[in-house]
Each structure stands twice: as structure tokens, then as C-alpha cells.
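**Q** Using the sequences and the hints given, assemble the complete structure.
Under our numbering, the letters of the sequence shown match residues 9 to 252, in that order.
Think of the hints as simulated: they come from the structure by calculation, not from any bench. This structure is a prediction, so every number in the text was calculated from the model and none was measured. One or more of the hints may lead you astray.
[Said to hold, decoys possible] Simulated pairs of lysine-lysine, BS3-like, Cα-Cα distance not exceeding 25 angstroms: (1) 68 x 80; (2) 123 x 108; (3) 108 x 144; (4) 80 x 108.
[Unchecked claim] Label pairs and their computed distance ranges (CB to CB): (5) 199 x 128: 20 to 26 angstroms; (6) 76 x 117: 55 to 61 angstroms; (7) 90 x 50: 53 to 59 angstroms; (8) 82 x 50: 42 to 48 angstroms; (9) 231 x 202: 28 to 34 angstroms; (10) 157 x 126: 39 to 45 angstroms.
Every residue gets a Cβ at the ideal spot worked out from N, C-alpha and C, and that includes glycine.
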Amino acid sequence: MSPDELGRKLTDDAIARPPDAAGAESLLYGLEREREALGAVNLRAEDEAVEYGDRLNSMKSERIDLTQAIAKLRDGIDELNAEGRERLVAAFDVINANFKSLFEALFGGGQAELKLVESDDPLEAGLEIYACPPGKRLSVMSLMSGGEQALTAAALIFAVFLANPAPVCVLDEVDAPLDDANVDRFCRMLHEMRSRTDTRFIVITHNPVTMSRMDRLYGVTMPERGMSQLVSVDLKQAEGMVAA
Numbered sequence: 009m010s011p012d013e014l015g016r017k018l019t020d021d022a023i024a025r026p027p028d029a030a031g032a033e034s035l036l037y038g039l040e041r042e043r044e045a046l047g048a049v050n051l052r053a054e055d056e057a058v059e060y061g062d063r064l065n066s067m068k069s070e071r072i073d074l075t076q077a078i079a080k081l082r083d084g085i086d087e088l089n090a091e092g093r094e095r096l097v098a099a100f101d102v103i104n105a106n107f108k109s110l111f112e113a114l115f116g117g118g119q120a121e122l123k124l125v126e127s128d129d130p131l132e133a134g135l136e137i138y139a140c141p142p143g144k145r146l147s148v149m150s151l152m153s154g155g156e157q158a159l160t161a162a163a164l165i166f167a168v169f170l171a172n173p174a175p176v177c178v179l180d181e182v183d184a185p186l187d188d189a190n191v192d193r194f195c196r197m198l199h200e201m202r203s204r205t206d207t208r209f210i211v212i213t214h215n216p217v218t219m220s221r222m223d224r225l226y227g228v229t230m231p232e233r234g235m236s237q238l239v240s241v242d243l244k245q246a247e248g249m250v251a252a
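**A** In C-alpha cells, the structure reads:
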């Protein structure tokens, strides 16, 4: 109850005087309770009201600034996503074209392609590899044999490197599941990649055919337990020495 309301109530109650002392005492008790309920008088109430009003206005201004910042951030994200989609689709088309040609070269025919699946948004889509070696039906990569999967994966790796070459590429026993004929195809493709890019290829292998097609061999031996020794052989230099 505000002070004005209390004053009006007291005036009204004073006009409507109770008819007896008991009623007056009851009225007095009730008025005292209401006065106590008001609590102590806050002498800084007006100043605090001004302070809280200023704080409220400041928070409203900050809210407007924050809303505008969020809108700008969302616009920036939308622009980045749009640019990302364009660049992704462009890179995907280049890599897909490289993949098709490299697959045909590695397998001596057939066809293969990359497809974006599970979403119409390229940024959220997954990638599925479809391949069809000569004489077989088009299927997903998971249904191919180990050797076919290895060659297909090599074609995809090389397709990416043709689109965006890196300084170094490490191939760890990629030729392990391949027979001699496919190892020869793999080595020929590796030689072509060397001529088309500036990438240095480091091939980890135990296959003698692959070793014979490299420029330099590095062998690691263990003469003693816990001790490794590196042996390097320049094959071109060795061939020259043999020829001499």
C-alpha cells in the first residue's frame, strides 16, 4: 500500500468512526500492523529509482547492440558458407574428373565417380565412391576386393594431389594387397604423378617390384635390440656403376 493510499484509508476510517472502544482498538491494531508492514522509510528510494532507470536504459542499449552484432555475425557466416559451397563444388568437380581419368588409367578401363550423398547442402553431405572395374558392374567401393579398393583409393589420393598438390605424400604399403600386374600399374601411375606435380612421394613398401621402380631406397635394419640403422641406396647411381 502506498503512502497516499494509506492516508486516504486513515481519513476514511477516521470519518467512519467505530461505535465502541473495542472497535477502535481493533482498528488501531490493524493500522499498526499495516504501518509495520510498510517497513523502514528508504530515504534513497528516489535516487535508487534514477540509478535503476539508468541501468535499465544501459541494458536496453546493450541489448540492441548485441542484437545487431548477432545479425552481422549471421550474415558473415552465411557469406562464408556460400563461398565455401562454391569452392567445395568447384574443387569436387575437378577432383571427380581427375578421379575418373586416373581410375581408367590404373584399371585399364572401367569407370568411376564420386557422389555427394545424404544432403543437398555440399557442406553437410557425405561422399560415396562408385567404381566399376572392367567387366564388373558399378558398385560402391565397400563391395570391391582388397586390391581393387587399394587401386581405387590410390586413384582418389592422386586425384586430390592433382587438384591441390602438397609438398610431400607418404604412401604406407599401398601396394600390399596388389598382384604384380597391378603393382606395375601403380608404379607407372606414381611415375606419372611425379612428372605432373612437384610432390615428393615417400613409399613404404616390402614389394621388390615397387622398390625397383624407386629413385632411392632407405632400408631400416636392427643390428641389436633397441638399435635401428638406416641404409640408403641411390638406385640410379647404382645402375650407372653396374653399367660401367
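**Q** Please go over all the hints and tell whether each is borne out by the structure.
**A** Hints and how they fare:
Using a Cα cut-off of 25 angstroms, the hinted pair residue 68 and residue 80 holds, with the two alpha carbons roughly 19 angstroms apart. This hinted pair checks out: residue 123 and residue 108 have alpha carbons roughly 12 angstroms apart, not beyond 25 angstroms. For a cut-off of 25 angstroms, the pair hint linking residue 108 to residue 144 stands: about 16 angstroms separates their Cα positions. Annotation: proposed proximity of residue 80 to residue 108 is violated, straight-line Cα distance about 42 angstroms (limit 25 angstroms).
Taken as a hint, the range 20 to 26 angstroms is violated for the pair residue 199 and residue 128, whose Cβ atoms sit roughly 40 angstroms apart. Judged by the Cβ atoms, the range 55 to 61 angstroms given for residue 76 and residue 117 holds: they are separated by roughly 60 angstroms. Between residue 90 and residue 50, the C-beta spacing of about 57 angstroms keeps the proposed range 53 to 59 angstroms intact. A C-beta distance of roughly 45 angstroms is found between residue 82 and residue 50, which places it inside the suggested range of 42 to 48 angstroms.
Taken as a hint, the range 28 to 34 angstroms holds for the pair residue 231 and residue 202, whose Cβ atoms sit roughly 33 angstroms apart. With their beta carbons about 21 angstroms apart, residue 157 and residue 126 fall outside the hinted range of 39 to 45 angstroms.
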